Amino acid sequence: MIFWDFFGLCMANGGNSHTGGVGCGRCQFLSRWRLARNRVVVRARKHLSVSSDHGGASPGFFDRLRAFYLRSDAAKGYVLLSPVMLTMIALLAAPLILLVLYSFWTQVGLKVDTNWTGDRYRELIEKQAYVDIFWRSIQMSGLVTLVTVGLAYPMAYFVAFGVKKNKFIWLILLTIPFWTSYLLRAFSWKIILGYNGVINSGLISLGAIQEPLSFLLYNQTAVVITLAHAYAAFAILPIYVSLEKIDRTLLEAAADLGDGAWARFWRVTFPLSLPGVIGAAVLIFVPTTGDYVTPALVGGPTGQMIANLIQIQFLKIGDWPLGSALAISAMAGVAILVMLFATALQLAVRRIR
Amino acid sequence: MSAKPAHAPARMGDPGSGLKLFAIAYLIFIYGPVLFLPLFSFNDSIFVAFPLTSFTTKWYEQAFADEKMIGALISSLQVGGIVAVTSTILGMFGAKAVTRYQIPGQGLITATIMLPLFIPEIILGISLLILINSVGISLSLITVTIGHIMLCTPFAMAVLSSRLHGFDRSLEEASMDLGETPWMTFWRVTFPLAAPGIVSSLLLTFIVSFDEFLLSFFLAGQEPTLPVYIWSQLRFPNKLPSVLALGALILIASCVLVVVAEWVRQLGTSEQKVGV
Amino acid sequence: MADNIIRIEKVTKQFAGGAKAVDDAHFNVERGEFFSLLGPSGCGKTTLLRMIAGFEFPSEGEIYIDNQASSLIPAYQRPTNMVFQSYAIFPHLNVFDNIAYGLRKSGLSGGELKRRVNEALGMIKLDGFGARRGDQLSGGQRQRVALARALVKRPKVLLLDEPLGALDKKLREEMQIELRQLQKSVGITFVFVTHDQEEALSMSDRIAVMVKGKVLQIAPPQELYEAPGNVEVASFIGSINLIDVTVKSVGAGEAVLDGAGFGQLRARAIDDLKAGEKLVAAVRPEKLALVSSRPGSGSFVEGTVKASAYLGDRSHYHVFVKGRTTPIYVAAQNAERAMTGGFDTAKSVYVTWDWQSLILLRR
Ligand SMILES: Nc1ncnc2c1ncn2[C@@H]1O[C@H](COP(=O)(O)OP(=O)(O)O)[C@@H](O)[C@H]1O
Ligand SMILES: [Mg+2]
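Protein chains in written order, with my numbering: chain A, 27 to 379; chain B, 1417 to 1692; chain C, -6 to 356.
Okay, chain A solo, but in the shape it has when bound:
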């Protein structure tokens, strides 16, 4: 932090009239700093005048650089942005590029053969089990998305239009799950749905059943329920934001033009809230397709999803290239589906008049 701000400082501090008081520590520090900088400049200038043909222009170089920095918003912006950008390039972009590279390589024992090959992808397409898991993941996530958005919409509508006082409390209540441990929230379903879990033992002690129900846990339904619950609150915020933005006078105008409550909703409110709906759907569909924890906890053999397959390739089998190819194809598949979905929904809504 200090480094970057001092970069700005060094660029901005000329030998110009410094109006600071005498004797304050910061000023002394600054002047020492400036002295040091000037020495560098002098050295640089000497160097330049020897080594370059147009040495006459070189004394102005640092001044020009400083002037450029002072004048350019973009330069100042990029300097400030660079720590974040560099972090993200190093920790996000570089790893993703490596992931793509790996998917074109081959695992040979503990080593990786870096000759380019499309074999991993061929392997994926040819092995029916992989394709099946991919489609199963998509279907389950699709179902989760549908359920979650369907439930979240009325809730968001209620907060946007129905709550007058203490909206803030409702919003906090709905954001808390977003920040708290996903692992623990998924885990709570394991103890609820388990063979000796909350539901079974509760029903038995109520006398409703004699034997525990074995179909509750370790299947796709359990995964869908758990995911729908875990992501419930995520859908509300985007939908709420888009609903809240709707100008209330538009509804008055629709009423004025003869629309009843339902017609107003379908012809005005719903189309205008669509960006929120699409956003919510994407926000749920994308991470749930790639979810690892829930299928691993409550999925059982039939409820495994693509992420579990990837995890196995990376941490159990040790075929990183195949795991990478799985990850890349899953991401690409999901991206294509998301785009198709968003387009289709928008086209559908355009028919509303």
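To be clear, the hints were calculated from the coordinates, so they are not data collected in a lab.
Bear in mind the structure is a predicted one, so any value in this text is a computation, not a measurement.
Glycine included, every Cβ here is placed at the ideal spot set by N, Cα and C.
Heads up, none of these hints are tricks.
Each computed DMTMM-like pair below joins lysine to aspartate or glutamate, with the alpha-carbon atoms no more than 25 Å apart:
id, chain 1, residue 1, chain 2, residue 2
1, A, Lys271, B, Asp1584
2, A, Lys193, B, Asp1430
3, A, Lys190, B, Asp1430
4, C, Lys163, C, Asp198
From chain A, some residues computed to sit far from chain C (all C-beta separations above 12 Å):
id, residue
5, Val126
6, Leu136
7, Trp142
8, Asp145
9, Leu197
10, Leu199
11, Ser231
12, Gly286
13, Pro301
14, Ala322
Starting from the known structure of chain A, arrange chains B and C with the ligands on it as the hints suggest.
Just chains B and C with the ligands now, with coordinates in the frame of chain A:
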């Protein structure tokens, strides 16, 4: 919809009371299942099952007698602390840059920074694993910290951007106009005014890091973080009650921190409106 | 050469992807003067002021402050201080600390700091307000604090960006007088930005009129009003009647003109007039008078009252003159008390004026 008296017309789009019932049911759906963790953590039985037997705190004692758990807790606290400070500092830079300067390509850059929020964590986990492996670093708490910084920086930047967005740019200009350098202007004006956002960002990034499981699962070596440790204990049925106790504590602590963070953030914005 | 505290030399500012906000501005501000930048909103006044303050940097040209080229001097090292349009009172500090902000930076502390701040509080008549928080002040008080905060730094130039714009009319008029007195007593150069021409006219030593980034004329208020340099300035400052004329002949200090609908006109000659030249003759509405019977001599034209408005101290008339598409505006002083009277619409009247009040302008 019922008829309203003429002097208090219903606001357009006002839902009926049916929706309120739905909303309450929804909240129960969100929070209900989670409440079984604290409930059974006080139940004197090794089985998580009804009927409840008697009240006990022994699972909590058991949880805290577990030295490995304490070690994992300390690791998580350390990682969370470092991650919170680092990503908040990074986020502050980013937020200042995008709110104060017009930068060509800003939309694209911001989108890139926010990307981790939209990529499944498993992908982030394996790609970081590949990177760390390629660079030749061995897995440890340091690699976990690095992964968490990547994950938390977008959160910090989002929280801080919205904070900085709200305040009058001429306040900083006034400071420089009165003779302060950009560096001291940051400390005398920007920092105090952004303080609620900074506190909020510190708390939220801490929670995200503290609760994060999947990245740590891929990036932790021999020293687990708390969620990774809990994960490893889930296999042992006799450990279940103490995991419940631990989980209940974590959930409650997270909730408290989130509420405080959001409250501080809100507090800041209402003050802001009067101030500017 | 006059003692110029600010020299603006061919300054142009072009924002990325925008038009020129300031276009080739070239003028000086004299030491100790009250200098106003006047122009409609969006004409580049703020941009020019911010370049002097050091928040923007010219794309071309150079600004000299006290004979020092400023392009390498950042805002915090310039001997200028600014009163911001939003006042920018630090909300986390109280009034005392707001005013002390810049002094603390200069290393002042203890008794001396207190003395200076209290002196400033006295100057803005806010004694005892030191402990108030910035957000507990009214608009007028905030404006004063902003002023004091800048003035305690004893700048060589005080920059004010529409400082009275947020105040209501009455307070604004009071502050105009106070501000002008303050400037006289402290003797600091003020560069004052406003879009309100009355404000500029009443306060300034000199005014620069800006339109669309260009500085059109710089002159003292009276000259600007009575002898505008061109049609744009004439029509921006106050209202004015424009008459297209052709020069018939030029005599000693006097020109005879042919005006559409006006027949033969007399006006004071300007430099380099040639017979046949096409010009604009301008006359202010208040220099015109209405009479109901044909005057025996002097300058006049016959017309019909199309609309009238009673404004208390004066009445405004729109008079149609044959041969003209736009009406002539007449602002008549209501010097005598009269419950009825004035001129009815559709009534035939004569508009009269002193021939010397016609101003000849080139397009
Ligand atoms: N930072 C900026 N980036 C791009 N255009 C700007 C910026 N600041 C001002 N402008 C443009 O420059 C012109 C002059 O603005 P300004 O100096 O604020 O006018 P005024 O103060 O006279 O109302 C306007 O058209 C405005 O949109
Ligand atoms: Mg302006």
